[in-house]
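Just so you know, the protein sequences line up as chains A and B, in that order.
Heads up, the first sequence is in this note's numbering, so the first residue is 155 and it goes up one at a time.
Heads up, the second sequence is in this note's numbering, so the first residue is 291 and it goes up one at a time.
If you are wondering where the hints come from, they were derived from the structure by calculation, not from laboratory data.
List time: in silico DSBU-like cross-link candidates among lysine-lysine, alpha-carbon distance up to 30 angstroms:
#1 K415(B) <-> K180(A)
#2 K437(B) <-> K254(A)
#3 K223(A) <-> K415(B)
#4 K254(A) <-> K314(B)
One side only, chain B facing chain A, incomplete, derived with CB under 10 angstroms:
#5 S322
#6 L324
#7 K327
#8 K391
#9 G417
#10 G420
#11 L421
#12 D422
#13 W423
#14 V425
#15 G427
Values in this document were obtained by computation on a predicted structure and should not be read as measured data.
Where is the CB? At the ideal position from N, CA and C, for every residue including glycine.
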Amino acid sequence: MKKLLLSLLLLQSLNAFAEIEIYQFKTPELELRYQTLTEELRCLVCQNQNIADSHAELAQDLRRKVYEKLNTGESNDQIIDYMTERYGDFVLYRPPFNVKTLILWIAPVLTLLIGGIGFWSLLKRRETNITEQLSDSERAHLNELLHAKTSDKT
Amino acid sequence: MKLRFLLPLGAFMILVVFLAIGLKLDPHDVPSPLIDKAAPAFTLPQLHEPQKNFSPADMKGKVWLLNVWASWCASCRQEHVYFTEFAKANPSINLMGLNYKDESDAAMQWLVRLGNPYKISITDKDGMAGLDWGVYGVPETFVIDKKGIVRHKQTGPVDPTILQTLIMPLIEKLNLEEM
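Bound-form chain B, shown alone:
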């Protein structure tokens, strides 16, 4: 008899647990279906030398990062400091920048003013490459392995903790993988 009265309380507690988990989830953290799939191809002009193109296929055999950013994006500025430090401390890392729906002049000025951590910057003026990569909120960062497979996607700005505990160990692990 007593147990029966505890039943609604039990059900309520289960509900509370689910709601608590739900509160902690970030609805903007949409899992990317691109993970463990081949990086979408594109051929886009480079920011500093528009006559030269860049395509993900050029990076075959190397582990690389693609950071999607724009000069109009406030949180890109926030993470830019960390990327600049990160690139300085780890010059061997292939960090590429995809300048998303931006004016090239504004983008280049931004890099002059705040430092340029990118080995190569690519321009995606109409955002169609971004769309292929499933970009929906800059900044976003992808980690691509030697075979050209997307292994990780970071949505939103990175911080030193993410770079040191997640991105860096992943790069080291991927570097050890065979082609």
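For reference, chain A alone in the conformation it holds in the complex:
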């Protein structure tokens, strides 16, 4: 039974792989560009996958388009532009830096900065608190206690 299940599972995965088509490239450089481009483009049907990994039909079409465009000699930028003109910045896994995405890009730095300042001021406050907290009478009391302790020991 277990063997049957296992073989069924294996068959299933074979099916899944069968859907990614293989393209022949004229040069290894083109193939490399194809790989980087398809890895950076998001599949809009299964939104958390890039088109290189997706089995969705749309991803298949988009891969074909990338392949065709590479073969006609278009640059990476031209292909990316073609995609964003149709599907918006959403199609890019690495969003461009512009007014709309400004918050997205600076948020990590900003959070780190705010956190850092908060932490720094906290430390600063603690430091001053420690040195200024003891009044003269408290200091005398502390000395007394310390003194009492040492005299106890002896």
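Based on the hints, put chain B in the right spot on chain A.
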């Protein structure tokens, strides 16, 4: 002193508000960059008369709708009823159907069985026109104005509310616009 303790709570509340908004957003509702841009050109054969072509340029001077559908798409069946009623009630509306990545026979049978609301149906067998229009999930519906500019895109099935409160008023508004 008390205020300082309220600070994390305040920050948390702001976070909650953002998360609540985020929950309500539909990640599949990707804004189309095509809005207010010229409708992408194509020349494709008509479904019922494949020897005849259709191109968006043929519709210049008219307000029209392009509904992208396929016989294999379940939610297209759901919206089809509403489109059929809508077309019957408003015969003046230019509703065109783009049959996306479909078999023509299956598509024609579908229209015979469920009714044909389209003035013209066009076939996009390999989905390349769909790709040009930024189609990523059928059904999708575009509203194109007299100048051939895409003015609205509806992703996913329409329902009577969307047709009556959004699509219809937009068509009426666009009809009044000058060429």
